[in-house]
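Trainee: Sequence:
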Amino acid sequence: MIFDITEINKVKLLMALYENAKQTDGAAHAEVLINKDCHLSETDCINALNEFNDSSEIRCYRIFDYFKGKAMKTVFERKRNGRIVIDSDNYDQRNGRYQFLKTMIDTFPIGDVRIINKTFKPYTIVEMDQYGKTTKEEILYYRHLLKNTTKKQNDLGSYWQINQL
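Read in order, the letters of the sequence shown correspond to residues 1292 to 1456 in our numbering.
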């Protein structure tokens, strides 16, 4: 799924995604065991966003890959029209299907959640189901939410908005 995050607080988004992300195994988890510092601060987010905020280039910026033992997989992309988007597939692939959407809904007013593309890449669905933490009931719930969206338009283009929870 692709979300328009142009008008939302990106620090708040990153902090919420970190809180919702599941703990990883392997080297990323070893870092947490050694440092015992497993929280994402506002300063961490601001520092990660500095290069993106200071540039007006049209391109993708990897904000976080793995951070303090959690799979963040956040890549912001600035479009030519000024829209800033994020593809949730990488995050959902590591944390569970619809976990990015869940985090958006739990963190921001429903009117601020703008979806540009409601589908997942086909190859990520299997991986999401293998590694994720989303229950079948949650999957049905989020599918229902996505079916009950309204297509809207603003200066940056069209998007889907969830009607109600």
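In short, the hints are calculated from the structure, not lab data.
In this text, all values refer to a predicted model and were calculated from it rather than measured experimentally.
Where is the CB? At the ideal position from N, CA and C, for every residue including glycine.
Heads up, some of the hints might be wrong.
[Unchecked claim] Below, simulated DSBU-like cross-link-like pairs (lysine-lysine); rule was C-alpha separation at most 30 Å, straight line:
#: 1; residue 1: 1412; residue 2: 1438
#: 2; residue 1: 1303; residue 2: 1443
#: 3; residue 1: 1412; residue 2: 1303
#: 4; residue 1: 1313; residue 2: 1438
#: 5; residue 1: 1313; residue 2: 1301
#: 6; residue 1: 1393; residue 2: 1443
#: 7; residue 1: 1443; residue 2: 1412
#: 8; residue 1: 1359; residue 2: 1438
#: 9; residue 1: 1303; residue 2: 1313
#: 10; residue 1: 1438; residue 2: 1427
#: 11; residue 1: 1359; residue 2: 1442
#: 12; residue 1: 1303; residue 2: 1442
#: 13; residue 1: 1427; residue 2: 1370
#: 14; residue 1: 1303; residue 2: 1370
#: 15; residue 1: 1393; residue 2: 1427
[Claimed, not checked] Label pairs and their computed distance ranges (CB to CB):
#: 16; residue 1: 1300; residue 2: 1448; range: 35 to 45 Å
#: 17; residue 1: 1435; residue 2: 1371; range: 31 to 41 Å
#: 18; residue 1: 1370; residue 2: 1403; range: 28 to 38 Å
#: 19; residue 1: 1454; residue 2: 1430; range: 18 to 28 Å
#: 20; residue 1: 1438; residue 2: 1356; range: 30 to 40 Å
#: 21; residue 1: 1348; residue 2: 1432; range: 31 to 41 Å
#: 22; residue 1: 1439; residue 2: 1333; range: 13 to 23 Å
Trainee: All hints, please: hold or fail.
Mentor: Outcome of the hint check:
A threshold of 30 Å between alpha carbons decides the hint, and for residue 1412 with residue 1438 the separation of about 18 Å falls inside it, so the pair holds. Taking the CA atoms of residue 1303 and residue 1443, the gap is near 24 Å; set against the 30 Å cutoff, the hint holds. At most 30 Å may separate the alpha-carbon atoms for a hinted pair to count; residue 1412 and residue 1303 meet this at roughly 26 Å. Simply put, residue 1313 and residue 1438 have alpha-carbon atoms about 27 Å apart, close enough for the 30 Å limit, and the pair holds.
For the hint pairing residue 1313 with residue 1301, the CA-to-CA distance comes to about 20 Å; that is within 30 Å, so the pair holds. Between the alpha carbons of residue 1393 and residue 1443 the distance comes to roughly 21 Å, so the proposed pair stays at or under 30 Å and holds. Proposed proximity of residue 1443 and residue 1412 is supported: the alpha carbons are some 23 Å apart, at most 30 Å. Restraint check: the Cα-Cα separation between residue 1359 and residue 1438 comes to about 35 Å, which exceeds 30 Å; the hinted pair is violated.
Annotation: proposed proximity of residue 1303 to residue 1313 holds, straight-line Cα distance about 18 Å (limit 30 Å). Between the alpha carbons of residue 1438 and residue 1427 the distance comes to roughly 17 Å, so the proposed pair stays at or under 30 Å and holds. With a C-alpha separation of about 38 Å, the suggested pairing of residue 1359 with residue 1442 is violated against the 30 Å cut-off. At most 30 Å may separate the alpha-carbon atoms for a hinted pair to count; residue 1303 and residue 1442 meet this at roughly 26 Å.
Between the alpha carbons of residue 1427 and residue 1370 the distance comes to roughly 34 Å, so the proposed pair goes past 30 Å and is violated. Taking the CA atoms of residue 1303 and residue 1370, the gap is about 21 Å. The hint holds against a cut of 30 Å. A hinted pair counts as satisfied when its Cα atoms are at most 30 Å apart, and residue 1393 with residue 1427 qualifies at roughly 14 Å. Evaluation of the 35 to 45 Å hint for residue 1300 and residue 1448 yields a failure: the beta carbon distance comes to about 21 Å.
The hint said 31 to 41 Å for the Cβ distance between residue 1435 and residue 1371, and at roughly 34 Å that hint holds. The hinted window of 28 to 38 Å between residue 1370 and residue 1403 is violated, with their beta carbons roughly 18 Å apart. Checked against the given bound of 18 to 28 Å, the beta carbons of residue 1454 and residue 1430, roughly 19 Å apart, stay inside it. At about 32 Å, the beta-carbon gap between residue 1438 and residue 1356 stays in the expected band of 30 to 40 Å.
Taking the beta carbon of each, residue 1348 and residue 1432 are about 38 Å apart, inside 31 to 41 Å as hinted. Distance hint for residue 1439 and residue 1333: a CB-CB separation of about 34 Å, inconsistent with the stated range 13 to 23 Å.
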